[in-house]
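Engineer: Protein chains in written order, with the numbering used here: chain L, 3 to 113; chain F, 3 to 116.
None of these hints come from the bench; they were simulated from the model.
Worth double-checking, as some hints may not be accurate.
Facing chain L, according to a computed beta carbon distance under 7 Å, are these residues of chain F, among others [said to hold, decoys possible]: (1) 35; (2) 50; (3) 96; (4) 103; (5) 107; (6) 110.
Restraint-style ranges between C-beta atoms, simulated for each label pair [as the list claims (entries may be wrong)]: (7) 10/F <-> 71/L: 42 to 48 Å; (8) 10/F <-> 110/L: 27 to 33 Å; (9) 59/F <-> 54/L: 30 to 36 Å; (10) 55/L <-> 67/F: 19 to 25 Å; (11) 72/L <-> 58/F: 24 to 30 Å; (12) 65/F <-> 29/L: 26 to 32 Å; (13) 10/F <-> 53/L: 34 to 40 Å; (14) 82/F <-> 60/L: 41 to 47 Å.
Note that CB positions come from ideal geometry on N, CA and C, so glycine has one too.
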Amino acid sequence: QKEVEQNSGPLSVPEGAIASLNCTYSDRVSQSFFWYRQYSGKSPELIMSIYSNGDKEDGRFTAQLNKASQYVSLLIRDSQPSDSATYLCAGAGGGADGLTFGKGTHLIIQP
Amino acid sequence: NAGVTQTPKFQVLKTGQSMTLQCAQDMNHNSMYWYRQDPGMGLRLIYYSASEGTTDKGEVPNGYNVSRLNKREFSLRLESAAPSQTSVYFCATLRGAGTGETQYFGPGTRLLVL
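Go ahead and model the full structure; you've got the sequences and the hints to work with.
Structural biologist: Okay, here's the thing in structure tokens:
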């Protein structure tokens with residue numbers, strides 16, 4: 003089993019709708035979780051981090067963590083064309099080897 | 003603060019040539035990382051350095067060497083470049099450990115090996 007798995011997409015969502023991105027993970031990377039956004043040709047940038055079960059909201063973004071089911075999700079409300087990017091889910095096991103990344107989900111917001 | 007910087011931004015090599023990718027950070031983080039990113043493969047860890055003076059292999063270390071020159075600098079060397087090493091290379095640092103840890107990425111180096 004891959005340690006962090008994401009659907010590669012593309013996921014196409016109309017402008018103004020809610021985009022829902024999902025990620026599952028293995029036991030080794032179960033301490034803390036991160037969502038990064040990566041525009042084409044750019045480096046990943048951190049959007050959200052979440053460590054505890056439940057929801058965490060930051061502006062239009064909500065991260066959800068369910069440790070019993072081993073999944074983490076990112077909701078983007080009122081999606082904008084500028085949200086079109088690849089979203090990387092990452093998990094950390096607390097070791098020195100840093101974060102383990104999924105392959106990313108390509109999100110397209112249709113105007 | 004510049005954060006994480008990488009040089010060069012772009013490089014074209016011929017098979018068999020060598021080069022060193024440079025990375026520097028001004029965030030005073032102990033841990034530094036080198037990733038490569040290929041289409042459909044996500045970010046794969048090449049090497050990391052948990053602290054000055056230590057380095058460890060990641061998922062895909064073959065064909066690479068690293069040097070943690072000091073706390074600020076972590077370089078990646080390709081001794082004999084191969085076309086399979088055509089990729090985008092990202093350097094990253096890690097803030098904290100356990101809950102609160104976050105990785106910060108440099109702008110990347112785009113490498114083409116002919």
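Engineer: Now tell me if each hint is right for this structure.
Structural biologist: Verification of the supplied hints:
no., hint, verdict
1, 35, "5 Å, holds"
2, 50, "6 Å, holds"
3, 96, "5 Å, holds"
4, 103, "6 Å, holds"
5, 107, "4 Å, holds"
6, 110, "5 Å, holds"
7, 10/F <-> 71/L: 42 to 48 Å, "44 Å, holds"
8, 10/F <-> 110/L: 27 to 33 Å, "32 Å, holds"
9, 59/F <-> 54/L: 30 to 36 Å, "32 Å, holds"
10, 55/L <-> 67/F: 19 to 25 Å, "42 Å, violated"
11, 72/L <-> 58/F: 24 to 30 Å, "26 Å, holds"
12, 65/F <-> 29/L: 26 to 32 Å, "31 Å, holds"
13, 10/F <-> 53/L: 34 to 40 Å, "37 Å, holds"
14, 82/F <-> 60/L: 41 to 47 Å, "46 Å, holds"
Comparing the model with each numbered hint stated earlier shows that hint 10 is the single one that does not hold.
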